[in-house]
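S.K.: This is what each chain is made of:
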Amino acid sequence: MNPLQLFTVLINFLAFVVYVYLIWFVLNLNRKELLNRLCALAIVPFAIWSFAFTFLHSATSLNAAKLWMNVASIGWCSFPVGVLWFYLDFSHHERLLKKKSFIAACLFLAAFFTFEQWNGNLIVDLVRQPYGWSSVWKISPMSFAFSMYYVVFVVGCMYLALDFERRTKSVREKKQARIFYVNALVSLILGTTTDVMLPMLGIGTVPPLADIFILSWAGGLVYAVKRYGFMALTPATAAEDILSTVADSLMLVDLDGKIVLSNKSVHDLLGYTEQELKGKDIGSIANGIDMATLLESETIRSQELNLLKKNGEQVPVLLSASAVKDQEGEVMGIVVTALDITERKKMEQELRASEQKYKTLVDHALVGIGIHQDNRIVFANRRMATMLGYSPEEFIGLQIADLIHPAERSAVLSRAHKRQSGSLEPETYEIRLLKKDGSSFYALISNGLIDYNGRVATLITISDITDTKARKELEEANKELEAFSYSVSHDLRAPLRSIDGFSQALLEDYADKLDDQGREYLRRIRAASQRMAQLINDLLTLSRVTRAEIHFEEVDLSTIVENIAAELKESQPNRDVKFIIAQNVKAYGDSHLLRIVLENLLSNAWKFTSKHKNAVIEFGAKESDGKRVYFVRDDGAGFDMAYVDKLFVPFQRLHEQDEFEGTGIGLATVQRIVHRHGGMVWAEGEVEKGATFYFTLQL
Amino acid sequence: MDRRFVLLVEDSADDVELTLRALSKSDILVEVVVVHDGVEALDFIFGTGPYAGRNLNVMPTVVFLDLKLPRVNGFEVLQRIRADERTKLLPVVILTSSNEEKDLIRSYELGANSYVCKPVDFTEFSNAIRQLGSYWLFLNESPMRENK
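Quick mapping for you: the protein sequence lines, in order, are chains A and B. Positions 1361 to 2059 (the working numbering) are the ones given, in order, by the first sequence. Positions 90 to 237 (the working numbering) are the ones given, in order, by the second sequence.
Note that these hints are calculated values from the structure, not bench results.
Derived lysine-lysine pairs resembling DSS-like cross-links, with alpha carbons at most 30 Å apart:
(1) A:K1938 / A:K1982
(2) B:K157 / A:K1839
(3) A:K1669 / A:K1640
(4) A:K1987 / A:K1946
(5) A:K1534 / A:K1458
(6) A:K1529 / A:K1670
(7) A:K1832 / B:K191
(8) A:K1618 / A:K1638
(9) B:K191 / A:K1795
(10) A:K1973 / A:K1929
(11) B:K157 / B:K114
(12) B:K114 / A:K1873
(13) A:K1459 / A:K1529
(14) A:K1529 / A:K1669
(15) B:K191 / A:K1839
Generate coordinates for the entire structure from the input sequences, incorporating the hints supplied.
M.R.: Quick look at the structure:
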């Protein structure tokens, strides 16, 4: 045996030993994992191949060589199948492996070509060479078919690996796939050249070393399986996966404070590459963090600090650090994680600015601002408390009832209650508030519903209107009006009484000295003075209505109407007027003022039906657009709708004095009272068909 | 026999005339003492000034008091009458043009026995005066008489 032949024999044997070791090794890594088993299975043909080649090249007779070549063919005819199965499983096409027909087809092909070789249809002859034996391939459709089988399977493996590398998102799997196709490509090109191409071209001087070159492939498979051990999730591979994929920035720092490892997030965040960061002191990028503090605390949780970017900018992060310990509990290094909180910081700042803005607004507002819930004050600004004479501390928790003037208390509370249960109530209105010392003042209050601690509450703003210009002017005007009315009340009536009284005296004492016309004149003087007295009375009522304080309470309008109707009937018992009065019509308002409204409307109805033989006067209420509308209807003289605007103007009359007497102030008074109750009054009518007066009391 | 008379405190000559006419028309034959302002009224009642030396045992059966008076107004007169032991029970009827509620309330607060608003219509005015006269002069039992 020459040295070259000995080398060939030894190298093939060595390859066999390595293959056997690799089989043992990969099974030992994880015997239960399908991929490990397939990896081992794929190496078995290589082992058979190199085992047979050891004896092939040491064979002395052609027959022996042919026998060993046939044994080797078991390996080189079946390895494409084993390798393909492995690649299929690795690239997640394991479903194909579950198909029995596919498995059977693969096994058939391997067995078929092995059988053909044993029948002498592939390698027909072996030629003695210095290194051993070279093969002579039969140029036939069968050997071409074998080449096709071989190429299709191997190219299939390549495709699977390339495709998988492209598809997978895992860096680890990408690396693995790369090893799989690079190693396969290298060993196949070399192996195919020495074992197939050259022999087919008739060049027998180069020994067939495919089984040797394939070592790199098999070794690569085993290396990848071990290195990236994806058959079972191990902490190490998981850590690497996590490190590369998490959004958090991760750095591994050694005991000297030098960065050992950093992930992509760190590079994106700080603008350094991994190489630039490696070996950098952690303190140079994290302000206020040094190794001593890290080691001392061992664990730092969510500490806010700034990291220094490559371009010198600072980026706020939430930094956590924890010690990594070996099995003996010795600290080996620190894992530092940083969460970019730039956005959060910005939002916090905006929120704080907005909160600050509103707080300042509330603190410095010239109006009182507060919140009440369950009839108690739960929040108030200083202004609100001082307005009512309390300190801010004692103000919180007060019953709102205690802050409202008794005259308005029940009305305001019931309104607040209705509002909180969803009813539409006026938002802004005047209110009389009660101070701590018992004095009261007028305020304008505005209400809005808000959610406070998860439940409905009312946000109120209050402004003191005692000293507002408008109120002062109004008070001034009211005082003047009061003085005027007072003087009218006293002084304007006295002369009238004289006129009337002395006219009467003339009529009584000097009737014989006057003719009929003279007596008629005196009667006219009396009538005029009495009408003027009525005018004064009505004017005084109108002005009183303007000034009077409104005392809210529930008023039974039906009863009032019945009383007035009875009075009217009594005043002219011979008239035939039918009253239709709706029962139990209630309203919320001032009973005295509402009585004046009804008196005016009913006596108008009474008056304007007086020319009819019989008449019907109706009182009732109806709902319209969610509002309660009260009405007084008659079938009397009515009016022309063209003049409806003039109805409520003081002293405007639509009828001749001789036709229907009156001062023209009644409806103006009605309107003023209704307005003071926050309501509306309007009328509909038709000449000789009657009139209907409507009013609302929105409060 | 008791001397029954009315003290009419009234500054308006017209009203004095009409009141007297109304009284005579209603067949109430009674003496009427007329004073024209608050000071004169108080002088008469308490026997001061021009009325010094008046027999204070003789007091009017009823005082018809106007509110709007020169110098001392009706409220003050009423107040003084009620403040004095001798006259605190003297019947005082406020007879005025005003129907202001506050005047009415103040009058009763100060101890007026009645409050009557003089109607413009003379017929009604006559009725009012007649009723007042017959009530206060003849029907009403005045506690003042027992003082004597």
